[in-house]
Amino acid sequence: MTPFIETEGLSHVYLRGTPMETTAVRDVTLRIQEGEFIALIGPTGSGKSTLVQHFNALLKPTTGRVRVGGRDLSDPKTDLHAIRHEVGLLFQYAEYQLFEETVDRDVAFGPRNMGLPEAEVRDRVRQALEAVGLDPVVFGPRSPFTLSGGEMRRVATAGVLAMTPRVLVLDEPAAGLDPRGRTDILGEIRSLHARGGITVVLITHSMEEAAALAARVVVMDEGRIVMDGPTREIFARADELHAIGLGVPAVTALARDLRDRGIRVRTDVLTFEEARGTIREALGWS
Amino acid sequence: MPLIEIRDLRHVYNAGTPQAVIALDGISLTVEPGEFLAVVGGNGSGKSTLAKHLNALLLPTSGEVWIDGLDTRDRAAVWDIRQRVGMVFQNPDNQLVATVVEEDVAFGPENLGIPPAEIALRVEAALGAVDMLEYRRHAPHLLSGGQKQRVAIAGVLAMRPRCLVLDEVTTMLDPEGRREVLETVRRLNASGVTVVNITHSMEEAALAQRIVALQDGRIGLHGPPGQVFARAEELEALGLTLPLIPALVRALRADGLALGGGILSAGELVEALAHISAAAAPGGGA
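Chains A and B are the protein sequences, given in the same order. If you want our numbering, it's the position in the first sequence, counting the first as 1, plus 122. If you want our numbering, it's the position in the second sequence, counting the first as 1, plus 149.
Only chain A is shown next, with the shape it has when bound in the complex (with noise of 0.2 Å):
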């Protein structure tokens, strides 16, 4: 299967012939497959944001080729519009990007910039709003800085849906929000997810979240990719992601001490119920 994007030996380099000059992402050759859903993890500085900006053309390869749906994005017949439409990408802290004076309005921007028809903009708008959990008739309406710091993640999200991309890129989509908003927005992402169709790259640094989200873990480290697999696999690994500053989630850890402790747990669980299961099972009361 062809992937959906490519990266070919991508170098991005900032700054480049000058004192201040930064490799931020050396030779990455990256394949996603559409329907994957992906995390993508590694140090603060280690390229994650540099990377994903090439995937819909906000920053082109100092060397090397991304393409999407098979066209080469350094291409200049290629349609940089339409790749954007396709691939949607939400930056961290997105709420800070809202200006609009009702939550519909802003939802509505990026539809309307397309020259769609207002029927097609507000039947975009209303299912991009019910996706990520907000009432549009409710919050439709309502002026986005009236809304809590949760609500209004979750209304970037629907402006960034309202494209209807076929990959969605999110950095750090829960970063800042309490427990209730965090659990909110990634189970948003999950039944996105989940509904098909749509291919998730998710930026994040809590390693419960790629082990509880993601079916495929990249872990990147001063602008390379230092190791691609199935999450298990992943998180199996935990030397060296401690080496990298990075870690397993905290269940996976749990896991590896009471294995030493001779205890005859799983050692590859990611999530807490399987952590409680495997507990469960090698104290003998399965």
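None of these hints come from the bench; they were simulated from the model. Note that beta-carbon positions come from the ideal geometry of N, C-alpha and C, so glycine has one too. Keep in mind that a hint or two might mislead.
What the hints assert, rightly or not - Label-pair restraints from in silico Cβ distances:
1. B:Thr248 - A:Gly318: 33 to 39 Å
2. A:Val135 - B:Ala225: 52 to 58 Å
3. A:Asp194 - B:Ala269: 55 to 61 Å
4. B:Arg286 - A:His203: 44 to 50 Å
Given the coordinates of chain A, work out where chain B should sit on it, guided by the hints.
Here is chain B on its own, set in the frame of chain A:
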């Protein structure tokens, strides 16, 4: 004498206008010197408003806040209060002002008009306390997120405060940065600095001696972590969740495992399960 004494504090934003919002509604709280207090609560519960009362960035609509025997409403005491209570905020990039680390740390004491020889001593001690002495001549913007937050803490320490108020200081950090900052805070508290940590992370709250959970500007739950986490339903009603280990203990007890209450850390849970496992093993016995 308590270091912080809050008596029936109310704070109303836009008081007397149709946009009036009651942010704090009758808070009474004392913090003794050397304590480590965590303040948790959902978005909009009043956490940050409370923090701003601790160094007279906000003044009570009614009620009183006393810091080390000084009334925050006393204008003449404001600078003494701000020297005693230092605040560190969420975004590491918004708090550093100078181009060299040690100049940044010296900024506060310089503004107090302290003699240069004394400033040099304070800067050295403060950078030593956060384990950043070897970076004293580095440029702040080239540091990692965790290092930047430690420099921000050093800048506050150089004022020789009695209390550190931390407002979501680990939210934007990667796992390693979070570990570094929390370890630094724990060490400072052990050396006698009072800490008030405002956080969305229940895992961080578990590290404090005492937790105050706010809801709608009032204190919803208050007590040592063991007591607060024993009241899971009430926590959930406040929009909060149990940290992983207490949540797992609760689930395993529901499954019939004879785990005692008061288990807060992974280490304690591993020991308790090892004990059960040894007792259940053939030929074993407790």
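The hints, checked one at a time:
1. B:Thr248 - A:Gly318: 33 to 39 Å: violated (51 Å)
2. A:Val135 - B:Ala225: 52 to 58 Å: Given range 52 to 58 Å: holds, Cβ gap about 55 Å.
3. A:Asp194 - B:Ala269: 55 to 61 Å: The hint (55 to 61 Å, Cβ to Cβ) holds, given that A:Asp194 and B:Ala269 are roughly 58 Å apart.
4. B:Arg286 - A:His203: 44 to 50 Å: Once the Cβ atoms are compared, 48 Å apart, the range 44 to 50 Å for A:His203 and B:Arg286 holds.
Checked against the numbered hints above, the structure violates only hint 1.
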